[in-house]
Amino acid sequence: MGKLEGKVAVITGGSSGLALASAKRFVEEGAYVFITGRRQETLDEAVKLIGRNVTGVRGDAANLDDLDRLFKIVKREKGKIDILYASAGWGEAVPLGEITEQHFDAVFGLNTRGTLFTVQKALPLFNDGGSIIMTGSVASVKGFPGFGVYAASKAALRSFARTWLNELKGRNIRVNVLGPGPIATPMQEEVLTEEAKEMFESLIPRGKMGQPEEIATVALFLASDDSSFVNGVELSVDGGLSAI
Amino acid sequence: MGTLEGKVAVITGGNSGIGLATAKRFVEEGAYVFITGRRKPELDKAVEYIGKNVTAVPGDLSKLQDIDGIAAAVTTTKGVVDIIVSNAGFTEQAPLDTLTPEHFDKTFNLMARAPVFLVQKLLPLISRGGSIILVSSAMHVMGIPNHTAYAAAKAALRSYARTWAAEFKGRGIRVNTLSPGVTDTPILDSQSEEHRRDEVVRMYLNMIPIGRLAEAVEIANAAVFLGSEQSSYVTGADLMADGGVGQV
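Sequences listed follow chains A and B, in order.
Counting in the working numbering, the first sequence runs from 13 upward without gaps.
Counting in the working numbering, the second sequence runs from 13 upward without gaps.
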């Protein structure tokens with residue numbers, strides 16, 4: 013018997029990387045998952061990889077109309093949500109001095125604003141006793157040059173968790189941030205240079221980068237009743253990078 | 013198949029409350045556990061409750077020779093340690109105006125000093141990678157009156173996790189703190205000499221966003237998570253299982 017038997021989960025950005033690994037794991041543990049992604053082709057591949065108990069919904073988590081459409085589909089197909097994993101996110105290195113409005117708006121628009129409205133629009137469908145997980149970042153508590161806007165957009169999520177924790181009091185919906193460190197994902201491959209990768213690995217007490225599956229097991233913990241008294245926290249999954 | 017199949021764990025203060033619930037869950041997940049505690053009759057009861065795959069080692073962790081005794085018992089029977097749950101603790105309240113050296117020493121000896129030597133003496137036995145869980149408290153980030161020594165001793169544990177995570181680099185040993193909130197255990201009865209349990213519980217309930225106390229098994233489940241491969245990329249972290257009390 014899986015840890016998420018009979019649960020309905022919505023995972024934004026679930027078509028690649030950490031969120032895809034989590035979607036796969038959630039299904040293995042008995043959940044039905046809805047995953048989103050902007051590119052139909054990637055989404056189709058993800059649905060195929062997960063194999064069963066999954067619906068792919070194409071959409072941009074920064075676009076409120078797309079979010080409305082997502083939750084309309086969830087409502088029609090399942091009628092309820094037990095787990096929301098708001099994981100769609102993006103960032104690139106732009107140092108202070110070169111930051112454009114477009115860069116700021118793209119990063120905050122998806123990571124912060126998009127996450128906020130993903131949660132807000134999901135709430136009417138939420139079963140009491142559910143679990144909300146947001147993807148933070150080790151960057152939000154460090155000072156990696158060039159990642160100022162990205163880091164701040166993720167730090168805002170940690171703050172949301174504190175506020176919502178009190179606002180959702182009484183509905184028994186838990187809300188937590190999962191803060192990944194450097195993980196070997198397609199996005200990291202794209203964003204980080206070889207040099208940056210080596211720099212990160214030298215900083216990680218664990219000594220090597222995390223794998224998407226190592227995030228998925230923690231997402232599973234936060235989604236399941238194993239974490240029934242874990243509420244409003246940021247759980248760092250970073251091989252110790254933020255600890256030292 | 014359990015998530016701790018074949019693992020050997022040492023759980024201090026394993027005779028009651030969070031420690032006992034953790035020992036029980038660890039065994040259910042396939043581990044062999046050594047539990048320690050000061051009182052022999054309570055240890056015997058704990059062994060009976062856990063039922064199998066458990067050895068009790070009596071000892072007072074504030075005495076280094078008792079820690080040696082624990083290490084010796086593990087060496088003789090298993091020869092290896094995979095998981096340490098440093099959990100033994102107590103609460104004793106004292107306001108700054110009147111706290112005594114005895115209160116400070118008792119608190120720091122058991123909750124800040126003993127974990128250092130417990131881990132140091134068991135470290136040579138962690139020969140195939142492992143997970144160290146230091147049971148702290150959500151109070152280590154809070155300011156609750158009369159908890160000068162308790163909160164500070166628990167904060168020390170959070171600091172150890174940072175240093176040791178760095179020191180264990182490349183050794184396959186993870187170390188994290190697990191910080192429970194207010195948990196429904198016998199330790200609540202020791203909150204004051206007058207046994208003001210109901211009053212204490214009422215005060216805390218007003219502060220806890222999740223609106224209730226934790227059951228010991230909920231903290232135990234978080235310990236299983238930290239002890240198992242499920243948390244393989246989690247080290248140097250502080251897992252708060254506090255119903256949100258330390259987060260708002």
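Calculated directly from the structure, the hints in this document are not laboratory data.
Hints are not guaranteed to be accurate.
[To be verified] Here are the simulated DMTMM-like cross-link-like pairs (lysine to aspartate or glutamate), alpha carbons at most 20 Å apart as the crow flies:
#1 A:Lys-15 <-> B:Glu-179
#2 A:Lys-220 <-> B:Glu-41
#3 B:Lys-181 <-> A:Glu-210
#4 A:Lys-220 <-> B:Glu-241
#5 A:Lys-181 <-> B:Glu-41
#6 B:Lys-90 <-> B:Asp-78
#7 A:Lys-15 <-> B:Asp-78
#8 A:Lys-15 <-> B:Glu-40
Checklist line | Hint consistency between Lys-90 (chain B) and Asp-78 (chain B) [alpha-carbon to alpha-carbon, up to 20 Å] | finding: 18 Å, holds
Notebook entry, point to check: Would the pair Lys-181 (chain B) and Glu-210 (chain A) pass a check requiring their Cα atoms to be no farther apart than 20 Å?
Noted result: 16 Å, holds
Note to self: Check the hint pairing Lys-15 (chain A) with Glu-179 (chain B) against an upper bound of 20 Å on the C-alpha distance.
What the structure shows: 34 Å, violated
Margin query: Hinted pair, alpha-carbon criterion (20 Å max): Lys-181 (chain A), Glu-41 (chain B). Please report holds or violated.
Written below: The hint is violated at about 32 Å.
Margin query: Just to be careful, I want the Cα atoms of Lys-15 (chain A) and Asp-78 (chain B) compared with a cutoff of 20 Å; is the pair within it?
Written below: The hint is violated at about 40 Å.
Notebook entry, point to check: Given the proposed pairing of Lys-15 (chain A) with Glu-40 (chain B), does the C-alpha separation stay at or below 20 Å?
Noted result: 16 Å, holds
Notebook entry, point to check: Quick one, are Lys-220 (chain A) and Glu-41 (chain B) close enough, alpha carbons at most 20 Å?
Noted result: Violated, at about 28 Å.
Check: Holds or violated: are the alpha carbons of Lys-220 (chain A) and Glu-241 (chain B) at most 20 Å from each other?
Finding: Holds - the C-alpha atoms of Glu-241 (chain B) and Lys-220 (chain A) are around 16 Å apart, at most 20 Å.
Of the numbered hints given earlier, the model fails hints 1, 2, 5, 7; all others are met.
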